[in-house]
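Asks: Residue numbers (the working numbering), protein chains in the order written: chain B, 1 to 397; chain Z, 398 to 701; chain F, 702 to 987.
Derived from the structure by calculation, the hints contain no laboratory data.
You may find that some hints are simply not true.
Stated by the list, open to error - Under 8 angstroms between C-beta atoms, here's a sample of chain F residues computed to sit facing chain B: (1) Phe806; (2) Ala809; (3) Val958.
What the hints assert, rightly or not - When the alpha-carbon atoms are kept at most 30 angstroms apart in a straight line, the in silico DSS-like pairs for lysine-lysine are as follows: (4) B:Lys337 x Z:Lys548; (5) B:Lys204 x B:Lys226; (6) B:Lys204 x B:Lys254; (7) Z:Lys548 x B:Lys330; (8) Z:Lys548 x B:Lys102; (9) Z:Lys404 x B:Lys395.
C-beta: ideal position from N, C-alpha, C; glycine also.
What follows is the residue order along each chain.
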Amino acid sequence: MPAMSRRSMLEGALGGALGGATATLLAAPAIAQGATLKIGLMLPFSGTFAALGEAIAAAFALYLKELDGKMGGRIVELVRVDDESDPAKAPSNVNRLLGREKAEALVGTVHSGVVMALVQAAREQQIPLIIPNAGNVAATRDLCSPSVFRSSFSNWQPAYGMGKALAAKGVKKAAWVTWEYAAGKESAEGFGDGLRSGGAELTKVLTLPFPETNFQPLLAQLPGLKVDAVGSFFAGGGAIQFVKDYAAAGLRDKLPLCGSGFLTEGVLKAQGAAAEGIQTALHYGDGIENPKNTAFRAAYKTVTNRDADVYAVQGYDAAQMLAIGLAATKGDASAVKDISAAIRAAKIDSPRGAFTVSASHNPVQTIWLREAKNGENRVIGVAAESLADPGTGCKMA
Amino acid sequence: MTRLSTKGHRWLGLGAALLASMPLWAAPYYMQLASSALIAAMFALSLQLLTGGAGLVSLAHAGFFGLGAYTVYLLGGGSSVFVSVPAAMLLSGVAATAIGRLALRTRGFYFLMTTLAFGQMLFFLFHDTSLGGGADGVFIARPGLIWAVTKSARPTVFLLLNLATLSLMYFSLWKLMGTMFGQALAGIRVNEDRMRAMGHDVQGLKLAAFIVSGALAGLAGHMAALTDAFVSPELLGWHRSAEALLMILLGGLGALHGPILGAFALTLARELGQSITERQRLVEGVVILAAVLLLRRGLAGWRQ
Amino acid sequence: MGGFLAQILNGLQYGLLLFLISSGLTLIFGVMGVINLAHGSLFMIGAYLAYVVAGLTGQFWLALPAAVVGGLVFGAVLERGLFRKFRQREHLDQVLLTFALILLFEEARAALIDNQFHAVPVPPALDFSVPVIGGFAYSAYRLAVLAICLAVAGGMVAFVERTRIGASIRAAAENSEMVDLLGLDARLIHTLVFASGTALAMLAGALAAPLQSVYPGMGDGFLILSFIVVVIGGLGSIAGAFWAALLVGMIDTLGKVYLPEMAGIAVCGMMALVLLWRPSGLFSRG
């Protein structure tokens with residue numbers, strides 16, 4: 001694996017212990033071309049999202065290996081920091097990557113609170129940042145910046161696709177069930193917008209505090225809502241439990257369940273029969289046939305011994321986007337304007353299908369309609385073609 | 398609780414001078430690290446008034462810290478520190494009054510458990526409702542200082558500002574512990590019933606300590622918001638209260654300056670830990686075990 | 702109306718689970734006088750134990766006796782090895798030592814198993830739903846959990862109120878010196894109480910595993926709620942814990958339905974009211 005060190009232990013320890021006296025006096029700015037380029041990977045390597053962090057990091061490293069460990073002509077060293085998905089620790093973790101490790105570009109993260117601190121630093125200091133997961137719309141709307149890019153999705157996108165697909169099937173009224181946090185609210189907006197695009201409406205949004213999994217009080221309200229379908233945004237354990245409880249409450253036959261793709265992403269085995277037939281919308285799925293996807297899945301499997309998932313794709317594409325930007329500036333990470341122009345102009349050859357990047361730096365991508373079958377999220381059609389996030393409120397400086 | 402002698406203060410002064418000189422020799426990152434240690438020290442010091450002073454172990458303290466930080470958000474952009482500092486202390490003080498009045502009706506374990514629950518209630522207020530901008534946390538506009546601070550000057554300015562605030566807080570508490578009030582608190586810690594029998598208004602004294610300590614925690618939270626320009630509900634979680642207690646114990650329960658030593662020791666231990674392992678909980682757990690089982694009198698009591 | 706009935710059932714089931722967790726906690730506080738912040742972690746350990754046992758043997762039902770026996774042994778070891786010594790320590794030390802236990806238990810979980818969410822399948826015999834009014838079905842397993850919790854609660858009350866050991870536990874909860882006067886070994890009582898408290902929390906975890914999956918930090922929310930139950934019910938009172946747990950379960954469930962943003966705050970607010978009215982809990986004898 002290319003230069004994936006965890007920072008030399010002794011140097012780090014001494015630097016801390018002496019209050020930085022030695023480490024910093026010696027640390028001259030190392031921006032000279034040809035010197036090692038440090039990219040900071042700030043991802044969750046412990047806690048609930050650890051598996052996602054590992055998938056993103058592994059796929060990022062995989063693409064880097066395809067480039068022989070170089071971006072823009074410079075040898076890349078990846079510096080990992082575990083963000084613990086703790087927003088309160090985020091500012092100091094960002095400082096650590098930029099101040100102490102002297103990272104010139106940032107990649108991170110999963111948790112949408114922690115990513116705020118990364119966006120803030122990227123905006124203030126004009127450091128290129130690629131967000132490989134966190135979908136909060138703000139990062140590519142009001143808080144958009146020439147230095148901030150996303151290789152994943154905005155929470156609005158998959159939910160919009162689902163709403164649109166439902167309306168196309170003739171559903172008139174639907175409800176949305178989710179956690180009470182930004183991703184939940186933003187996906188509810190997307191779902192509503194998608195439904196309205198086809199003349200249907202979102203009549204009720206039910207929430208419970210994140211990350212609780214006691215869904216019973218919500219489920220018992222659903223039969224009384226007089227809707228044709230129920231959509232939802234949950235991920236991880238919440239998704240497992242919600243789908244199982246939904247089936248156990250006898251709601252499946254009366255009210256078809258659908259959702260943002262994360263509802264059945266990476267959790268189908270655990271959901272078992274309860275998930276069979278659930279339709280979801282996402283920018284990735286099983287059975288996407290293009291040469292890039294085939295090659296990527298094989299390579300990822302060889303390196304990690306796991307099947308590639310949507311998180312791996314996002315990590316892989318984060319590396320592609322950063323490499324495109326840095327190639328245009330010959331490895332100068334501080335030339336943010338040029339990096340931005342290069343990424344904007346590029347067509348990213350992603351395993352999910354090629355995509356471009358919008359004016360607010362979010363992928364313009366196809367949202368696939370998938371159906372859960374035999375432990376796979378089979379793509380059965382297109383929910384929304386070349387869908388761009390509205391990017392409302394984005395004013396690029 | 399022991400207060401430092403003049404000789405002891407020379408050492409503290411030396412430490413402060415070393416920190417104040419950091420802009421001359423240290424990189425911004427280490428100044429930011431020192432700033433976060435200073436803020437942690439303010440937070441733990443504010444709790445020391447209760448824990449070391451009156452013998453009360455509260456798990457609601459992070460709530461007041463977070464409330465102080467969120468004051469900056471609630472005031473909206475463009476306010477001056479001359480408004481936001483008193484506002485943060487006032488809001489935290491008012492919350493401490495309300496919670497203190499209820500929690501202090503109980504003693505011992507009940508006090509622990511009720512402060513834990515009330516602290517979490519403040520956490521829920523910011524985590525579950527949209528009052529504070531939601532569960533993910535928000536960017537905030539820093540309150541204005543007297544002069545405009547450039548981006549590159551921030552680490553220096555905030556380091557000096559936090560150092561000055563901590564010094565001011567420390568000396569105010571040092572003075573306070575020397576008054577009748579401080580001695581009465583110490584009396585309560587040793588034997589509450591005896592103080593009551595002697596005619597002291599024990600409830601009133603404890604409540605006063607709870608309010609002052611809450612307001613000071615609010616000030617610490619305000620400085621955190623000013624320094625990081627980012628607030629999140631996790632600032633109010635009870636785990637942070639436990640960390641402040643750890644800093645107190647690490648530094649020495651019996652010494653007013655203990656929390657300052659404890660905060661710096663814990664920050665340093667974390668910094669070292671993070672370079673060695675990604676298992677942060679293990680590092681913290683081991684530090685606690687070492688502090689409780691080995692360092693019975695804390696770092697402050699080392700020399701004795 | 703049917704929806705409302707289903708919500709009452711939900712509140713009841715949640716409250717009874719909460720009772721299993723808090724009953725051990727209130728006895729440990731009352732009898733031993735130690736605070737245990739890691740009680741929520743015991744719930745988590747029970748749930749993970751169920752995940753492992755059910756995964757290895759394919760028999761979920763084995764997980765329940767495993768949690769009880771495992772809990773008794775683990776609790777006895779913890780009491781003899783650690784908590785016995787904590788008793789002499791100040792509250793601050795107890796808070797921090799048990800806080801360290803939370804961190805170390807979580808770390809051990811991460812090292813031994815992993816950081817993923819895992820679903821625990823509902824036992825096949827109960828994998829069906831019983832229709833209730835209003836187009837809503839209730840899972841048979843949930844009803845079984847309700848029945849098991851009720852049976853355990855009944856058994857506990859009978860044990861504590863009717864047996865000799867129970868009498869000395871009650872005596873110890875009120876006055877620890879009394880036990881010595883009654884000629885019973887206080888140390889044995891302590892071990893017994895701590896071991897049963899651990900077993901109850903782990904049993905609750907095992908029962909809850911198919912209902913809410915297992916995941917890192919799953920005990921955190923229950924820790925706060927069970928503290929609130931103990932405060933409302935009164936330290937050391939089993940009956941108090943029972944009624945307080947039902948009350949908290951009900952308020953939390955109905956709060957989520959009618960005021961989703963305020964459910965967490967409502968429960969704490971109710972505790973504030975109780976403190977104003979009866980500072981030592983609704984069921985304390987003092």
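Asks: Take the hints in turn and mark each one as holding or not.
Replies: Against the structure, the hints come out as follows:
1. Because the beta carbon of Phe806 of chain F sits about 14 angstroms from the nearest beta carbon in chain B, more than 8 angstroms, this interface hint is broken.
2. Hint status for Ala809 of chain F relative to chain B: violated, with the closest Cβ pair at about 13 angstroms, above 8 angstroms.
3. Using the Cβ-Cβ criterion of 8 angstroms, the hint placing Val958 of chain F at the interface with chain B is satisfied: the shortest such distance is roughly 5 angstroms.
4. Simply put, Lys337 of chain B and Lys548 of chain Z have alpha-carbon atoms about 20 angstroms apart, close enough for the 30 angstroms limit, and the pair holds.
5. With a CA separation close to 10 angstroms, the supplied pair Lys204 of chain B and Lys226 of chain B stays within the 30 angstroms bound.
6. Taking the CA atoms of Lys204 of chain B and Lys254 of chain B, the gap is near 17 angstroms; set against the 30 angstroms cutoff, the hint holds.
7. Taking the CA atoms of Lys548 of chain Z and Lys330 of chain B, the gap is near 27 angstroms; set against the 30 angstroms cutoff, the hint holds.
8. The straight-line distance between the Cα atoms of Lys548 of chain Z and Lys102 of chain B is roughly 17 angstroms, inside the 30 angstroms bound, and the hint therefore holds.
9. Note on Lys404 of chain Z and Lys395 of chain B: the hinted pairing is violated, with a Cα-Cα distance of about 58 angstroms set against a maximum of 30 angstroms.
In the structure shown, a violation is registered for the earlier hints numbered 1, 2, 9, in ascending order.
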